[in-house]
Amino acid sequence: MSVTLKATKRADHARSTTRKLRESGQVPAVVYGKDKESKSVAVDSIELVKTVRDEGRNAVISLDIANDTPVDVMLHDYQMDSIKDELIHADFYVVNMAEEMDVAVAVRLEGEPQGVKDGGVLQQALYEVQVRAKPNQIPEEITVDVSSLDTGDILTVKDLPKAANYEILDDEESTVVTILTPTTDEDVEGIENEDAEPELVGEAQTERNED
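For the sequence shown, the numbering used here gives the first residue as 129, with consecutive numbering after it.
For the record, the hints were derived by calculation from the structure and aren't laboratory data.
Just so you know, not all the hints are guaranteed correct.
Straight-line distance between alpha carbons at most 20 angstroms, and here's what the computed SDA-like set of lysine to any residue pairs gives [what the hints assert, rightly or not]:
| # | residue 1 | residue 2 |
| --- | --- | --- |
| 1 | K262 | K212 |
| 2 | K164 | A194 |
| 3 | K137 | P156 |
| 4 | K167 | N224 |
| 5 | K262 | E151 |
| 6 | K134 | G161 |
| 7 | K137 | M202 |
| 8 | K178 | A234 |
| 9 | K262 | E175 |
| 10 | K290 | L254 |
| 11 | K262 | D209 |
| 12 | K167 | E183 |
| 13 | K290 | K212 |
| 14 | K148 | R185 |
| 15 | K212 | S152 |
| 16 | K164 | D230 |
| 17 | K164 | K262 |
| 18 | K167 | H204 |
| 19 | K245 | S276 |
| 20 | K167 | A142 |
Ranges between beta-carbon positions, derived for each pair [to be verified]:
| # | residue 1 | residue 2 | range |
| --- | --- | --- | --- |
| 21 | K164 | G247 | 51 to 57 angstroms |
| 22 | A291 | E175 | 28 to 34 angstroms |
| 23 | G280 | E228 | 35 to 41 angstroms |
| 24 | S275 | A142 | 53 to 59 angstroms |
Each residue gets a CB set at the ideal place from its N, CA and C atoms; glycine is no exception.
Can you make the complete structure from the sequences, with help from the hints?
In structure tokens form, the structure reads like this:
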């Protein structure tokens, strides 16, 4: 089931008009898809952020465009103003609910590994995997229990939970999690630095002239 987000058509692409649009709490956006004509629209910034926060990045959104036919879309990309920390542009991709598509899905670890309790260090090498599924069957995230992992254990893609309604495309032997035993304080600091989760695409991008 998709969530509804209201939108209005946008005909004037002048920089001054776009600036006023943002000042009023709206975000300029583009709607496009395979064999679909691109449309320029605007959506409420707060409503878009709330929708993505509540429903997930891969949620199917019914974009209710004023004076036009609603379309099922997914948020494909977005740009942020890194100084003001404001959403400044969004790209929506029109989806076919009957066709499978490939998307990135987050991997979430659950539980405290036995190896960590014994002094080891957890290193997560893979924070998301590529998944193929129909739009309304894409999991919000893939959760894996790591509480049984001991020092020296490695969890790979093939160990992730499987489901009939989606397929994980990554190499089955790709490492997701390793429980390491550091030998020095320097090793611990190095592992912690390497274990920092990479920044999501689009979050630190500055304003681009796409309007």
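Hint by hint, here is what the structure shows:
1. K262 with K212: 36 angstroms, violated
2. K164 with A194: 18 angstroms, holds
3. K137 with P156: 10 angstroms, holds
4. K167 with N224: Given pair K167, N224 holds - Cα atoms ~17 angstroms apart, limit 20 angstroms.
5. K262 with E151: 37 angstroms, violated
6. K134 with G161: Holds, at about 19 angstroms.
7. K137 with M202: 18 angstroms, holds
8. K178 with A234: Status holds; Cα separation ~19 angstroms.
9. K262 with E175: Violated, at about 25 angstroms.
10. K290 with L254: 17 angstroms, holds
11. K262 with D209: Between K262 and D209 the Cα gap is close to 32 angstroms, so the pair fails against 20 angstroms, i.e. violated.
12. K167 with E183: Cα-Cα ~24 angstroms, so violated.
13. K290 with K212: Not OK: K290 and K212 at ~41 angstroms, beyond 20 angstroms, violated.
14. K148 with R185: 27 angstroms, violated
15. K212 with S152: Distance ~15 angstroms between K212 and S152 Cα, so the pair holds.
16. K164 with D230: 19 angstroms, holds
17. K164 with K262: With a Cα-Cα distance of about 19 angstroms, the restraint between K164 and K262 holds, given a limit of 20 angstroms.
18. K167 with H204: 14 angstroms, holds
19. K245 with S276: 11 angstroms, holds
20. K167 with A142: 16 angstroms, holds
21. K164 with G247: 51 to 57 angstroms: 55 angstroms, holds
22. A291 with E175: 28 to 34 angstroms: 30 angstroms, holds
23. G280 with E228: 35 to 41 angstroms: 37 angstroms, holds
24. S275 with A142: 53 to 59 angstroms: 57 angstroms, holds
Checked against the numbered hints above, the structure violates hints 1, 5, 9, 11, 12, 13, 14; every other hint is satisfied.
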